[in-house]
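Given chain A, put chain B in place with the hints provided.
Top to bottom, those sequences are chains A and B. Take the first sequence: its position 198, counted from the start at 1, is 197 in numbering that gives the first Met the number 0, and no numbers get skipped. Take the second sequence: its position 93, counted from the start at 1, is 92 in numbering that gives the first Met the number 0, and no numbers get skipped.
Every clue listed holds true.
It does not matter which identical chain is used: a pair holds within one copy or between any two.
In silico BS3-like pairs for lysine-lysine, Cα to Cα no more than 27 angstroms straight-line:
1. K127 <-> K176
2. K80 <-> K16
3. K80 <-> K154
4. K127 <-> K208
5. K213 <-> K126
6. K80 <-> K18
7. K126 <-> K80
8. K18 <-> K176
9. K126 <-> K154
10. K154 <-> K127
11. K213 <-> K127
12. K126 <-> K18
13. K127 <-> K80
Simulated from the structure, these hints should not be mistaken for laboratory data. Here the structure is a predicted model, which means the values were calculated and not measured.
There are 2 protein chains.
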Amino acid sequence: MYPPDNSEDLGPYSHTKVKRLSDRAHYDRDSIYQILDEGFVCHLGFIANGTPYVIPTGYGRRGNTLFLHGASANFALAESKRNTMVSVTVTLIDGLVLSKSAFHHSINYRSVVSFGTVAPVEDVEEKKLALETILNHIVPNRSSSTRPPSESELKATRVVRFEIIEASAKIRQGGPKEEPEDIGLDYWSGQIPIEWRYSDPIPSGNSSKELPEKLANLSRPGR
Amino acid sequence: MYPPDNSEDLGPYSHTKVKRLSDRAHYDRDSIYQILDEGFVCHLGFIANGTPYVIPTGYGRRGNTLFLHGASANFALAESKRNTMVSVTVTLIDGLVLSKSAFHHSINYRSVVSFGTVAPVEDVEEKKLALETILNHIVPNRSSSTRPPSESELKATRVVRFEIIEASAKIRQGGPKEEPEDIGLDYWSGQIPIEWRYSDPIPSGNSSKELPEKLANLSRPGR
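Extracted from the complex, chain A is given alone in its bound form:
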C-alpha cells in the first residue's frame, strides 16, 4: 500500500488521493520537495484529547524527513509523538484570480499535504545536526555565523523528526476560468500576483558586523 523508500512518488495513497480538480495534483518527490524547500513554516496537525489541533511551526528538510523543534515542554511536539500519524501542511500563496463570475474566482497557490510519523531526536549529535538543518533551511548557511547551542540549550530544546509516509502537492496557477456566456461581460478579470520578499535587514543594537552579503541577498529557493 505504501511506496518503497526509493519510490519517485509519495502518493497517491489512502490519505492523499486528490479527488477534486485532480489535474492540480502532483505526487512526485521533486514537486513536493520544491514546495517544502521554499516554505519554512508548516502547519502541524495532531490529535490531543480527541480534538484536532493545527499549530504553525518552523521546519527544516533533509531528504524525506522534516525536523521540527520547540521547547522541551512544547505541547504540540509532545502530543504529536503520541499520534500514530500526524499531518504537516505547507502552503505558498501566489496570487488572486478574478473571474467575471463570482463562482470562478480562485487563488493561485502551491501546497503540500503530507502524512507521517513523529519520533524524538534524542542523540546529542543528531540533535545538533537537526537544529542546524532547521536553522539553515530558514536562513541559508546561518549556522556558520552564530554561536552553536550550548549543552543546556540543547537540553531545553525538543527536536522531533517527521518522516513523510505519503504526500500530495496541489498547484493552481494561471488566469481565471470563464463560462463562455460570461466572456462578454463588462468586468475586469485577471490575476493579481502576490509578491513575497525580504525587505531591508534591520540590525540590532548589538550587531557589530556589516551585513553579510548572503543576508543582503536572501531569497527563498524557488524565487
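The following block gives chain B in isolation, referenced to the frame of chain A:
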C-alpha cells in the same frame, strides 16, 4: 467554562491556554479578528478515519463566524461536519529574527489558533450572503463587480459556517534576544522583515474593462 457570546475575550479556555512564552498570547476579540481579517487562507484541522488532516482553504469572516466553501463533494468540509470540534489556524509571517546564538533565532509572526464547530449553510439566501462574505473578504467589494452565482453554481457549492468557540492569538515581533555573554560576539544580528504585497495585476484576454481603481490599490486591512 466557555465565555458568554458577548465576552470581549475568546480565551483562554481548555484548548487555547498558551503555556509557553505566554507574554506573546492574546485572547481579546480585537487582536484575534485583526489577524483573521488580514489573512484570507486558513488551515482547517479535522479528524477523518482517526487521522488528523490539515487543509488550506480560503475564508471570509462575519462577526464570530468564518465561512468556508468548496465543491459539493469537498472531502474536508464533509468530514469537518462530522467532527464535534475542528480547528482553524491563520498564520501571517512577518520576518526572520537573527540572533548571535543559534538558540535565540526566531520568526516574527502573528497567528490565530481557534476551535469551534462546523455547520452547513443550506438556505439559499444565507448561502449567497456567505459566499459574498468570502469573496469580499479576499477581494474587498468584488461581489458588486462580478456575475453572481447561478442556481446550479449554488447547488454545486458547499458552504459551512465555523463558529469560533475559543481562540488565541500569538504575536512575536521585534528584534532578537541575546544572552549577555553573546552580545560581544562578532556576528550580524537583527531582523529581516518579510514584505508581502500585491504586484501589478495581469488582465486576462477577456478583460474588457480598465483596471478598477479599487483593484489597483488593493491591500490587506492590516497593511
